[in-house]
Amino acid sequence: KAGVTQTPRYLIKTRGQQVTLSCSPISGHRSVSWYQQTPGQGLQFLFEYFSETQRNKGNFPGRFSGRQFSNSRSEMNVSTLELGDSALYLCASGRHGGDEQYFGPGTRLTVT
Amino acid sequence: ELKVEQNPLFLSMQEGKNYTIYCNYSTTSDRLYWYRQDPGKSLESLFVLLSNGAVKQEGRLMASLDTKARLSTLHITAAVHDLSATYFCAVDGSYNTDKLIFGTGTRLQVFP
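Protein chains in written order, with this note's numbering: chain V, 1 to 112; chain C, 113 to 224.
One chain only, chain C, in its complex shape (with noise of 0.2 Å):
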């Protein structure tokens, strides 16, 4: 059975600093997503990567993906107040369909 896991789970952290969260799959996946969710609301996709080695940056969040090691890692640059949200990392559960397997998400808080 597929897991997902991501670490940390709570993240405080100051503007300005950096930080990475990180996404271990257990089984071999050809997708990897990460979205975003404020409190309350949906989920927003960020980033969607596609094979090893994959490399996307939007802002100051970047994501890579290392299919060997089952992880994906979710890098902040100089975090602001507005990044703060639940992040989650999803796996392709099922070749070619849309199941999506979660990671329990890291709630980031980030405080002046």
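Looking at chain V on its own, in the form it has when it is part of the complex (with noise of 0.2 Å):
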């Protein structure tokens, strides 16, 4: 069973650009987390999506939004790119709510 997969694993921006990332969940699963990790912050919640409904959103500024498909695939967009959104961004994908969660590889995004 292939687990979940994030793309790009690795990506280099400028400031003031914007970001797309995309993450396959776990075949099966409709839920999707993104989490934002730096070594200042730590792990933070930034979204959920469950059957292309958003459910829950962390305290991140409006620049961040996501989106998820009828096919459970999701998309998480940065706009305005600052230096502070350098982190890894993981997603994670479950059956349902409460449910295990898995964890993808993650993308890790420099913004120069």
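Some hints could be false.
To be verified - Dumping the calculated BS3-like pairs for lysine-lysine here, alpha-carbon to alpha-carbon at most 30 Å:
no., chain 1, residue 1, chain 2, residue 2
1, C, Lys153, C, Lys115
2, C, Lys168, C, Lys153
3, C, Lys168, C, Lys180
4, V, Lys57, C, Lys153
5, C, Lys115, C, Lys180
6, C, Lys115, C, Lys168
7, C, Lys153, C, Lys180
8, C, Lys153, V, Lys13
9, V, Lys57, V, Lys13
10, C, Lys180, V, Lys57
11, C, Lys129, C, Lys153
12, C, Lys115, V, Lys57
Because the hints were derived from the structure by calculation, they are not lab data.
These two chains come separately, so use the hints to put the complex back together.
What follows is the structure in structure tokens.
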């Protein structure tokens, strides 16, 4: 059974640009959550999608957005990138709310 | 606001020794998770604790949950170098959803 996949794995962008990250959950999983990991702030919840609906959103500015498609794949977008957006972005998938979540390998974003 | 605290933040221990990592959380939660992260890697699920008094063991690691005290422990028995990693606990941030609130992490280093 294939695990959670994330693309791209590494990304370098310039301040002011925008970026889109993709996450494909485990087959059969309908829930996808996104997290940002930085050395200073640790692991922070970004948002959670279930059946194409955003169920929860973390305390991040509106520059961070996401969506989920009918096949459960999810994308997150960050506009007007700032240096502080440099982080490892992790997505996790689960069958339904409150179920065990499985994390993907992450996308390491560097903003210069 | 739900807060999750771990201690210690750093743990350097000799092979063969025992130690415990503590995870305190501030509000009632139904589930507690333990994850392991190796440098530059994603999160690997170790344990899911679902009820008060739950105890789970895998190899040299044992996790327990006391929901009344809002405390979980991860006990390491006879540590070996392969256990060197960062360990995170996480708590459900919202009932029946996949919003996880993570602790600060405990960086464990096991030396000969």
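* To do: Determine which of the earlier numbered hints do not hold for this structure and return their numbers in increasing order.
  => 7
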